[in-house]
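Peer 1: Since the structure of chain P is provided, determine the placement of chain F on it from the hints.
These protein sequence lines map, in sequence, to chains P and F.
The first sequence maps to residues 1 to 189 in my numbering.
The second sequence maps to residues 190 to 406 in my numbering.
Just so you know, these hints were derived from the structure itself, not from any lab.
Among the clues, some could well be false.
For lysine-lysine, the following DSS-like pairs were computed, each having C-alpha atoms within a straight-line distance of at most 27 Å [claimed, not checked]:
| id | chain 1 | residue 1 | chain 2 | residue 2 |
| --- | --- | --- | --- | --- |
| 1 | P | Lys59 | F | Lys253 |
| 2 | P | Lys141 | F | Lys303 |
| 3 | F | Lys243 | P | Lys184 |
| 4 | F | Lys244 | P | Lys141 |
| 5 | F | Lys253 | P | Lys17 |
| 6 | F | Lys216 | P | Lys26 |
| 7 | F | Lys243 | P | Lys127 |
Over the 10 Å line for every Cβ pair with chain P, so calculated as not near, a few chain F residues [unchecked claim]:
| id | residue |
| --- | --- |
| 8 | Leu205 |
| 9 | Leu222 |
| 10 | Val250 |
| 11 | Pro251 |
| 12 | Met299 |
| 13 | Ser371 |
| 14 | Asn372 |
| 15 | Ser375 |
| 16 | Asn378 |
| 17 | Asp390 |
| 18 | Ile394 |
C-beta atoms are modelled at their ideal positions from N, C-alpha and C, and glycine is treated no differently.
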Amino acid sequence: MAEDRDANPKELMKLAKSGDNQAFGKLYELYFTPVFKYVYFRVKDSADAEDITQTVFLKVFRSISNFKDQNVAPLSYFFTIARNTIIDGWRTKKEFTVANGEANVFEQIPDTDPSPLQTAEKNETGKIMQAAIQKLTDDQKEVIILKFINGLSNKEISPIVGKSEEAIRQIQCRALVSLRNILKSHNDI
Amino acid sequence: MNENNQNQNQKVEAVLSEALGHLESGKTPAEVLILYPEHATILQEVFSTLNFLKKEGESLVPSKEFFNKTIYNVSLEDTVTEAQDSRYIRKEVEGRPSEVNIITKTHEIMSKLKIIIPVGIVAVLALMFVRSDVRTNLPTLSNGNEEQKNLQTTSDTESQINLPAATGDVDDAVDALFLASSNEASLLNDETNDAAYLTADSQAISDFGQSYDANSF
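One chain only, chain P, in its complex shape:
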């Protein structure tokens, strides 16, 4: 995946755990974008996504001394905290996601100078895709985001969602078939 193997996240975690702020800075650089992407696609709101991402890194910074490196990969640690923060957020603030799944515009950083037509088409397709993702079940949504948007392997996803690799494979296949059906029905209209 997205994990920079050269930076050796486990070693960075050990250093950060012993109070090395530079190591934490490197971990931050490494995981900031993947965590933000995951959170953004889960909550569908850029302001909420920013708040949650910030909370995630504050939580990691506070709890890094409790990190046990025997079994958990740093990547899973960050994503698990992000996942729990989203769930906690939903418990306290239920309107993270918009009920009809279409009210929020799929905001993105534009590519280099796209034409207005390209931007409109891209935004339109993005909205449709986002709406289709929101129609999936929670498990499917989570696996699709982690697997195809964040580019994690099934092995990396397994500890985050607490399911076996085989279960994840099934969920992702079912989710892809559902997505294809949703998009196909939309195109037929």
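Peer 2: Just chain F now, with coordinates in the frame of chain P:
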């Protein structure tokens, strides 16, 4: 109809699972499509969906401003890492005063001072009052002491009179007579003292009678 759809979906899911396995093992989408000619159309649609999802993920990048803002907020956090924790514990063990201890001790001292200062002031005032009271009563007390001292010496003299034992010797008998006469002289002296004491008493009573005025009350 629904059952047919379900069966169809299950078949597609099984094929898709295999196809994704091939992709993960490094095969290109084109190579995978050749392996499943019957499901090529569906797989093609799924692959384009995957491609779109991937592009969506790649194009979404948090702004530099947000990145910097977050790391700034994190840097403001004061966390207790293992190293800091052990340093803190070591300080406690070595008995070096920590900031927390200094504050706590200062607070304790201040709260004690709040009680000690008023109590001290009251004690000093009480001592001053007692001393001034003693000074005003001092002359009367000293007079009384002198009289008491005289009485004490008299009684001491009495207790010191010891008669010698009868030995049958003339010299001893003469000595005994001399001693008895001297004892009589000391007894006389005592009586004189007693008389003086009584005179002093009556004088004191008469003084008190003169100074006391019932009408003043």
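Peer 1: Determine for every hint whether it applies to the structure shown.
Peer 2: The hints, checked one at a time:
1. P:Lys59 <-> F:Lys253: At roughly 21 Å apart (the allowed maximum being 27 Å), F:Lys253 and P:Lys59 satisfy the hint.
2. P:Lys141 <-> F:Lys303: Roughly 65 Å separates the two Cα atoms, so the pair is violated.
3. F:Lys243 <-> P:Lys184: Given pair F:Lys243, P:Lys184 holds - Cα atoms ~19 Å apart, limit 27 Å.
4. F:Lys244 <-> P:Lys141: 17 Å, holds
5. F:Lys253 <-> P:Lys17: Measuring from Cα to Cα gives roughly 26 Å; hence the hint holds.
6. F:Lys216 <-> P:Lys26: Judged against 27 Å, a Cα distance of about 33 Å means the pair is violated.
7. F:Lys243 <-> P:Lys127: 15 Å, holds
8. Leu205: Violated: least Cβ distance 5 Å, not greater than 10 Å.
9. Leu222: 15 Å, holds
10. Val250: At roughly 5 Å from the nearest Cβ of chain P, F:Val250 sits no farther out than 10 Å, so the non-interface label is violated.
11. Pro251: Non-interface label on F:Pro251 violated, nearest chain P Cβ at 4 Å vs cutoff 10 Å.
12. Met299: 33 Å, holds
13. Ser371: 102 Å, holds
14. Asn372: Label holds. Min Cβ-Cβ 101 Å, cutoff 10 Å.
15. Ser375: The claim holds: F:Ser375 sits with its nearest Cβ about 98 Å from chain P, beyond 10 Å.
16. Asn378: 98 Å, holds
17. Asp390: 91 Å, holds
18. Ile394: 91 Å, holds
Against the hints set out earlier in the document, violations occur for numbers 2, 6, 8, 10 and 11.
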